[in-house]
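Protein chains: 2
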Amino acid sequence: MIDLEQIHDSIASTPSKIVMLVADGLGGLPHPDTRKSELETAHIPNLNALAQRSACGLTTPVEVGIAPGSGPGHLALFGYNPLRYIIGRGALEALGIGIDLLPGDVAARGNFCTVDDEGLLTDRRAGRIATELSAPLCERLDRIEIPGVQVDVFPVQDYRFVLRLRGEGLSEAVEETDPQREGVAPRPAGPLAPEAARTAEIVQQFVAEAGRLLSEEQPANMVLLRGWAQLPNLPDFGRVYHLNPAAIAAYPMYRGLASVANMQIIPTGMTFGAEVDTLQANWDKHDFFFIHYKPADAAGEDGDFDGKVKRLEELDVHIPRILELQPDVLMVAGDHATPAIMASHSWHPVPFLLHSKLTLGEGVDGFNERACAHGSLGRIPAETIMLLALSHSGKLAKYGP
Amino acid sequence: MIDLEQIHDSIASTPSKIVMLVADGLGGLPHPDTRKSELETAHIPNLNALAQRSACGLTTPVEVGIAPGSGPGHLALFGYNPLRYIIGRGALEALGIGIDLLPGDVAARGNFCTVDDEGLLTDRRAGRIATELSAPLCERLDRIEIPGVQVDVFPVQDYRFVLRLRGEGLSEAVEETDPQREGVAPRPAGPLAPEAARTAEIVQQFVAEAGRLLSEEQPANMVLLRGWAQLPNLPDFGRVYHLNPAAIAAYPMYRGLASVANMQIIPTGMTFGAEVDTLQANWDKHDFFFIHYKPADAAGEDGDFDGKVKRLEELDVHIPRILELQPDVLMVAGDHATPAIMASHSWHPVPFLLHSKLTLGEGVDGFNERACAHGSLGRIPAETIMLLALSHSGKLAKYGP
Chain A
159 MIDLEQIHDS IASTPSKIVM LVADGLGGLP HPDTRKSELE TAHIPNLNAL
209 AQRSACGLTT PVEVGIAPGS GPGHLALFGY NPLRYIIGRG ALEALGIGID
259 LLPGDVAARG NFCTVDDEGL LTDRRAGRIA TELSAPLCER LDRIEIPGVQ
309 VDVFPVQDYR FVLRLRGEGL SEAVEETDPQ REGVAPRPAG PLAPEAARTA
359 EIVQQFVAEA GRLLSEEQPA NMVLLRGWAQ LPNLPDFGRV YHLNPAAIAA
409 YPMYRGLASV ANMQIIPTGM TFGAEVDTLQ ANWDKHDFFF IHYKPADAAG
459 EDGDFDGKVK RLEELDVHIP RILELQPDVL MVAGDHATPA IMASHSWHPV
509 PFLLHSKLTL GEGVDGFNER ACAHGSLGRI PAETIMLLAL SHSGKLAKYG
559 P
Chain B
159 MIDLEQIHDS IASTPSKIVM LVADGLGGLP HPDTRKSELE TAHIPNLNAL
209 AQRSACGLTT PVEVGIAPGS GPGHLALFGY NPLRYIIGRG ALEALGIGID
259 LLPGDVAARG NFCTVDDEGL LTDRRAGRIA TELSAPLCER LDRIEIPGVQ
309 VDVFPVQDYR FVLRLRGEGL SEAVEETDPQ REGVAPRPAG PLAPEAARTA
359 EIVQQFVAEA GRLLSEEQPA NMVLLRGWAQ LPNLPDFGRV YHLNPAAIAA
409 YPMYRGLASV ANMQIIPTGM TFGAEVDTLQ ANWDKHDFFF IHYKPADAAG
459 EDGDFDGKVK RLEELDVHIP RILELQPDVL MVAGDHATPA IMASHSWHPV
509 PFLLHSKLTL GEGVDGFNER ACAHGSLGRI PAETIMLLAL SHSGKLAKYG
559 P
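Line order of the protein sequences matches chains A and B. 159 is the number of the first residue of the first sequence in the working numbering; add one for each residue after it. 159 is the number of the first residue of the second sequence in the working numbering; add one for each residue after it.
Isolated chain A (complex conformation):
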């Protein structure tokens, strides 16, 4: 792959505008009865018409056979090698609930749990304690003070929370305290590298203090911590591509992923209609827009084939409003497939289209897995679509003399 820093000097800032519409979990698989995928089943006249005058293909998010999480799925679309740049679980959990994460911060995914009188785990999830009960416990833990570091605890859902440590010289190389089974004591958070000694000490202090504060609680009287993570050191998206990028996303996770790339986050509403309103209202202020559509993925994860079809149809309705803005490049991409028949992310290549003035004669019949497999782009790493966008919008000079 081309290194982002390598192409930096070949990119020019121009007035042309790029829209990257990411339909989360876009790709699917045929329904066993109809042998048609969600996209093939859906009534999506606008996307189908667009595919007929676009360069189409299939993107491979990470590698053949590898199903990606949301983190690597989006980093790849932004042009970051997903095997090189890793967002750890704690950091992604923090981004997912909209917590501000700075370079150097360390985040962990926390569970409330239950231990017996001898300190042995009796329930790793404290009876899946409800958010109403766990949120006040988070408030209590949030008050823990440890010299030299800022400690914050944020409720997620049910028994889950995020612990964020902020300060100088912290490290993510800390052992997980969750032994992943019951009947044993939580493990000490030892350092996995010499530079993590102080962070490990801080974590041990936090755990001890948490145990004291929760000792009288039912059912959650202890915490487990895992997925220690700092943000990866990503090249700045705007600087590398000479763009002034903005992100429009209803869900915090995707705003978080865009903020890691240092895109400007524009506040928006919870519907895709609201997101397109935001796009229109800010059209003059940026030359790159990442706009995220979540509902298709959610339906796919639920195993709801008809629901996913419907969510794709609801996306389709908004395509004309985006086209009215006359972007120089409009890409419709997915971070991964979420076939309803699997009810999970999958490894399948994802339909992709890129529309520009140059792609009018390149189209395929429709926007779906089978048609895109025969598109002019073929199968490409997701990591390359930013290069296509820059080229099609006249921003990327030829390579070499």
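Don't read these hints as lab results, they were simulated from the structure. Relax, there's no trap hidden among the hints.
Identical chains share a label here; the pair holds if one copy fits it or two copies do between them.
Here are the computed lysine to aspartate or glutamate pairs in the DMTMM-like style, where the Cα-Cα straight-line distance is at most 25 Å:
#1 K515 - D464
#2 K452 - D474
#3 K194 - D486
#4 K515 - D460
#5 K468 - D435
#6 K556 - D460
#7 K194 - E520
#8 K194 - D523
#9 K452 - E472
#10 K556 - E520
#11 K194 - E471
The structure displayed is predicted, hence computed values, not measured ones.
Put chain B on the given structure of chain A with help from the hints.
Here is chain B on its own, set in the frame of chain A:
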């Protein structure tokens, strides 16, 4: 490419079972008269029906335009990067005749040859001396004793033999003694690296002793040695993939390649029917089976188009018996193409199918080069099919949170 060690932690051992059927030299080219390839010509109703409910594609064994030998062809199918893991000629020759090769052993391919009174080569192949004549000479050389190393000589065919050195601290970095032309003396086996000094000395002793033992023989009175090779240090297939793998192959070469990956070799008969019997009899004992079919390649190498068609038809007959076992994943792959019109291995991408519960709606019309080119998998590196197998059998977790 994803590093095998990198995905190790994402793989779970599950009860699901994977069968990798390798039809050696599977791919072909159209016959000039009919414009149909061997697979397109063959009556293979079972493979064609299977392709209709499988994910199909074409695998590239090593790289576009590169025709692989059996070694890299199979290593790629097993998921080992064939440019990184090399099985040298001497080692492959040893595996090909079923010689036990341990890590650290050094093997060379030997020729009996003829030298004149001045020690200059007059025939590099000793008149292509027949096996009946060369085998007793091998026995004589096998008795050579060199302190600190075990020396074994095995007949191959005609003028060819294998020399195996076993002992501590041996190195493959030894010069070849074959000057590749006549009228000159065999070259001394000098060390190519400092650590090979002792091995080179051992080889020189062996050559001197062989010259003495053969000096009165006609026509073979000397030996040439080349292709010094040790086994590459392959990650253990079963450990990396969390599988309990077995290999079923009639020919020693393929058992040898599987043993290099540390698969368990199950003894079997010389026909594919016997191999499938072995598969059935051992079904409960393993969760991964590599089963090898040789005859199509042999016919291709002979330039026998009709013969290759027939061999493919004979393979097809056994497909239902494999399907009866209800493997969770059945792959039909080739290590390379062997087009009969070329009478050799070739660089062409090779038809591939993967059948699982998830691939019912993804099929193509038939199992051949043209149909598979339009399959849902597209063109993929052969090295990735293990990832597909693991994903389709529910053993590979998603990458990244």
